[in-house]
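Starting from the known structure of chain A, fit chain B onto it as the hints suggest.
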Amino acid sequence: MSNPYIPYSAVIKDLRQETEGERAIKTFTVDFADKKVWNEFAQKPGQCAMVGIPGVGESMISICSSPTQTGYLQFSIMKMGKVTTALHELGVGSAITVRGPYGTPFPVDDWKGKKILTIGGGIGLAPLRPIINYVLHNNKDYKGLDIIYGARSPQDLVFMEELEKMKKDGSAGINLTVDAEADGWNNNVGFVPQYLLDLKPSPENTIAVTCGPPIMIKFVLQNLVELGFGDEQIFTTLENRMKCGIGKCGKCNVGGVYVCKDGPVFSYDKFKLLLPDM
Amino acid sequence: MDTLRLTKDKLNDFLKSISDVQLMAPIVKNGRTSFEIIENPDAVELNLDDYTATIKKAAFPQNETLFAYCSGKNGSEIKDVQEMPKTVVFGIRPCDAKAFVILDSLFKGDYEDPYYLKRREATVLIGHSCSEPTNRCFCPSVGGSPAGQEGLDLLFTDISDSAYAVEVLTDQGKAIIDSAGDVLTKADEADKVKCDEAAKAALNKIRRSVNLENIHELLPSAFNSDVWKEIGNKCIGCGICTYNCPTCHCFDIQDEGCSAAGRRLRVWDGCMYPEFTVHASGENPRKDRGDRIRNRMLHKFSFYPQNLGYVACVGCGRCIELCPVNEDLIEILNKVREAVNE
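In order, the protein sequence lines correspond to chains A and B.
Note that my numbering numbers the first sequence so that position 9 is 9, with each residue one more than the last.
Position in the second sequence (from 1) plus 278 gives the number in my numbering.
So here's chain A without its partners, still in its complex pose (with noise of 0.2 Å):
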């Protein structure tokens, strides 16, 4: 019987500062201390990974890079409760452990021949991120990509760099928002849900996904409905506290399911049955 309770030994490769401040976001570059775990570790976009430091605990994380992504994993990390703090404090060539993957993926093979819609906000980019980068990778296999993505401010806007790329090369439609006018802000200004409205998108033949904070998610698969996507063609993943990450510790149920092994992935006819306790 294997233990699942046992982590890797993981190594930080590299740290990019996303956002600044006293939530400030990080994107941690991993490898395995022994690489013979890369032939058992194979994560799908979407999934998630328990991320610790022995002494101080584990927190759930979405692997933020995708699959196509080889040799090292990606987590986008806020500075927000105490593991993820203690994270914050490590530099590159710290150790940390890692177990997983733990979830359901985005069922991303399925959308072959689709056009993809991802709408985020602030940190909830990072999920949807192993989708954009899958897409590009494999951009033949899709009919394009479009991004719509908005934070509080443009200093809260993460993966910044990479957006500017994609709307610079046309790999893919990058719409952008703020919540309030900034300086030296020339995109849109608003809340995501009601930028969604504005940009009106055609929902034929498009897979649209979404992550951001509960209040974002439950106002944009309102409004995704309202501009006609069908419940099949609408996704999110979700976040709950977790600990054991494998069903069974039960801090993440919720309405029937454990988000950890039964999501965090959820199309919206399932997502539906779970509204209530959100």
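Read the hints as simulated data drawn from the structure, not as lab findings.
Source: prediction; values computed, not measured.
In this text, a Cβ means the ideal position worked out from N, Cα and C, and glycines have one as well.
Hints may contain errors.
Said to hold, decoys possible - Facing chain B, from chain A, some residues (calculated, C-beta under 10 Å):
#1 V56
#2 A86
#3 G144
Said to hold, decoys possible - Where chain B lies over chain A, by a calculated footprint (3+ residues, C-beta under 8 Å):
#4 5 to 12
#5 49 to 55
#6 236 to 245
Unchecked claim - Capping the alpha-carbon separation at 30 Å, the derived lysine-lysine pairs in DSBU-like fashion look like this:
#7 B/K386 / A/K36
#8 B/K565 / A/K261
#9 A/K35 / B/K452
#10 A/K270 / B/K386
#11 A/K26 / B/K351
#12 A/K272 / B/K613
#13 A/K218 / B/K565
#14 A/K114 / A/K13
#15 B/K478 / A/K261
#16 B/K357 / A/K82
#17 A/K79 / B/K565
#18 A/K272 / B/K386
#19 B/K507 / A/K272
#20 A/K13 / A/K168
#21 A/K44 / B/K386
#22 A/K36 / B/K351
#23 A/K272 / B/K565
#24 A/K261 / B/K396
#25 B/K351 / A/K79
#26 A/K218 / B/K507
#27 A/K36 / B/K357
#28 B/K452 / B/K364
#29 B/K613 / B/K565
#30 A/K261 / B/K335
#31 B/K396 / A/K36
#32 B/K565 / A/K82
#33 B/K351 / A/K82
#34 B/K613 / A/K35
#35 B/K307 / B/K286
#36 B/K478 / B/K464
#37 A/K200 / A/K167
#38 B/K613 / A/K270
#39 A/K261 / A/K218
#40 A/K270 / B/K565
Relative to chain A, chain B alone:
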């Protein structure tokens, strides 16, 4: 399988024959009965009404080391520490044995939990059927019985002031009987009749029942009912219902030590605490006590049966007995049913 007879004056001899394994049995500790690892069978107190202490710790201890770690050259070196001692639990109630069967389905699940499952494999359960069910018991409503056999290896039943009938239920149970030698004798027909009569008499003493008809659909349909607020208003969130529930399995994982060396522990947790579900951001999907009681009821009577095939309640009534503000699981479910039918 066989039924044997053990005279009560030979109980000590029987327990002493269980050697080379640790023996857990009910003893009186600080004025209450609790299951403890015992060295001396003289301390065993079998005929006590006070069975409030749960025995789930035999496979799912309240605190358990998952592993020890120390920092090494390649990051943390993790030492797996899971030697599970062979254990015989003596005097367990049938409801508590059934609870293990219910928990087995969860700890097997999509990922096998090696700590629980290895302990279960190493544990033999010797039951004692209830001759005097308490006024809170309702095991027949959830498919149990005071002489239920599910999960047990041997079952002791009082057939007179001086003797037990001992039913052999599994090969593991038989091995214990074999090693006890001639301490036990073969039960005669009269003993077997008395054993059946005792079971029936006990069943007739059960006073409470709960209506579970269609409960797995009824509870979700009452999700937005105001009844949960009313129920939650009384609750003080102490969590004793979860800690003493034989089927509650929720836990937390905590680290003890520093980055250089320490251990990772699993500790019981309870869904009645607001911290149980609170996100690092402060967002809490179950803010109110009513929300948390609702989830507990849904989990036991709707989610668990749908996902794992068992109602996660054995009708022991400990949550009713121990609640300091007299929340009553049966009344809660009845109130919800009334609210839906209104």
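Hint-by-hint comparison with the structure:
Annotation: A/V56 was flagged as interfacial toward chain B, and the flag holds, the nearest CB pair being 6 Å apart, inside 10 Å. With a least beta-carbon distance of about 9 Å to chain B, the hint placing A/A86 at the interface is held under the 10 Å criterion. Among the interface hints, the one on A/G144 is violated; its C-beta lies about 33 Å from the nearest C-beta in chain B, farther than the 10 Å criterion. Given a C-beta distance limit of less than 8 Å, the hint that chain B covers the stretch 5 to 12 of chain A holds, as 6 residues qualify and 3 suffice.
Counting residues of the stretch 49 to 55 of chain A whose CB falls under 8 Å from any CB of chain B gives 3; the rule of at least 3 is met. With 5 residues bearing a CB less than 8 Å from a CB of chain B, the stretch 236 to 245 of chain A meets the requirement of three and the coverage assertion stands. A C-alpha spacing of about 27 Å is found between B/K386 and A/K36, which places the hinted pair at or below 30 Å, so the restraint holds. With a CA separation close to 23 Å, the supplied pair B/K565 and A/K261 stays within the 30 Å bound.
Restraint check: the Cα-Cα separation between A/K35 and B/K452 comes to about 49 Å, which exceeds 30 Å; the hinted pair is violated. Using a Cα cut-off of 30 Å, the hinted pair A/K270 and B/K386 holds, with the two alpha carbons roughly 25 Å apart. Annotation: proposed proximity of A/K26 to B/K351 holds, straight-line Cα distance about 25 Å (limit 30 Å). Pair hint A/K272 plus B/K613 holds up; C-alpha atoms about 26 Å apart against a cutoff of 30 Å.
About 18 Å separates the Cα atoms of A/K218 and B/K565, which keeps this hinted pair within 30 Å; it holds. In summary, the hint linking A/K114 to A/K13 is not supported, as the alpha carbons are separated by about 35 Å, beyond the 30 Å threshold. This hinted pair does not check out: B/K478 and A/K261 have alpha carbons roughly 44 Å apart, beyond 30 Å. Restraint check for B/K357 and A/K82: the C-alpha separation of about 24 Å stays at or below 30 Å, so the hint holds.
Taken as a hint, the A/K79 and B/K565 pair is honoured in the structure, with Cα atoms around 23 Å apart against an allowance of 30 Å. Distance check on the hinted pair: A/K272 and B/K386 sit about 28 Å apart at the alpha-carbon level, within 30 Å; holds. Pair hint B/K507 plus A/K272 holds up; C-alpha atoms about 23 Å apart against a cutoff of 30 Å. As the CA atoms of A/K13 and A/K168 are separated by approximately 28 Å, the hinted pair is consistent with the 30 Å bound.
Between the alpha carbons of A/K44 and B/K386 the distance comes to roughly 24 Å, so the proposed pair stays at or under 30 Å and holds. Under the criterion of a C-alpha separation no larger than 30 Å, the hint pairing A/K36 with B/K351 is consistent with the structure, at around 17 Å. Simply put, A/K272 and B/K565 have alpha-carbon atoms about 20 Å apart, close enough for the 30 Å limit, and the pair holds. In summary, the hint linking A/K261 to B/K396 is supported, as the alpha carbons are separated by about 23 Å, within the 30 Å threshold.
Restraint check: the Cα-Cα separation between B/K351 and A/K79 comes to about 27 Å, which is no more than 30 Å; the hinted pair holds. Distance restraint check for A/K218 and B/K507: the Cα-Cα separation of roughly 24 Å lies within the 30 Å cut-off, and the hinted pair is therefore satisfied. The hinted pair formed by A/K36 and B/K357 meets the criterion: a straight-line CA distance of about 19 Å does not exceed 30 Å. Of the pairs offered as hints, the one joining B/K452 and B/K364 holds, with about 16 Å between alpha carbons and a cut-off of 30 Å not exceeded.
As the CA atoms of B/K613 and B/K565 are separated by approximately 21 Å, the hinted pair is consistent with the 30 Å bound. Under the criterion of a C-alpha separation no larger than 30 Å, the hint pairing A/K261 with B/K335 is consistent with the structure, at around 26 Å. For the hint linking B/K396 to A/K36, the alpha-carbon distance of about 28 Å falls within 30 Å, and the restraint holds. For the given pair, B/K565 sits about 21 Å from A/K82 by alpha-carbon distance, which is consistent with the 30 Å threshold.
Proposed proximity of B/K351 and A/K82 is supported: the alpha carbons are some 25 Å apart, at most 30 Å. Note on B/K613 and A/K35: the hinted pairing is violated, with a Cα-Cα distance of about 58 Å set against a maximum of 30 Å. Note on B/K307 and B/K286: the hinted pairing holds, with a Cα-Cα distance of about 23 Å set against a maximum of 30 Å. The straight-line distance between the Cα atoms of B/K478 and B/K464 is roughly 22 Å, inside the 30 Å bound, and the hint therefore holds.
Only pairs whose Cα atoms come within 30 Å are accepted, and A/K200 paired with A/K167 is accepted, the gap being roughly 19 Å. In summary, the hint linking B/K613 to A/K270 is supported, as the alpha carbons are separated by about 29 Å, within the 30 Å threshold. About 22 Å separates the Cα atoms of A/K261 and A/K218, which keeps this hinted pair within 30 Å; it holds. At roughly 23 Å between alpha-carbon atoms, A/K270 and B/K565 fall within 30 Å of each other, so this suggested pair holds.
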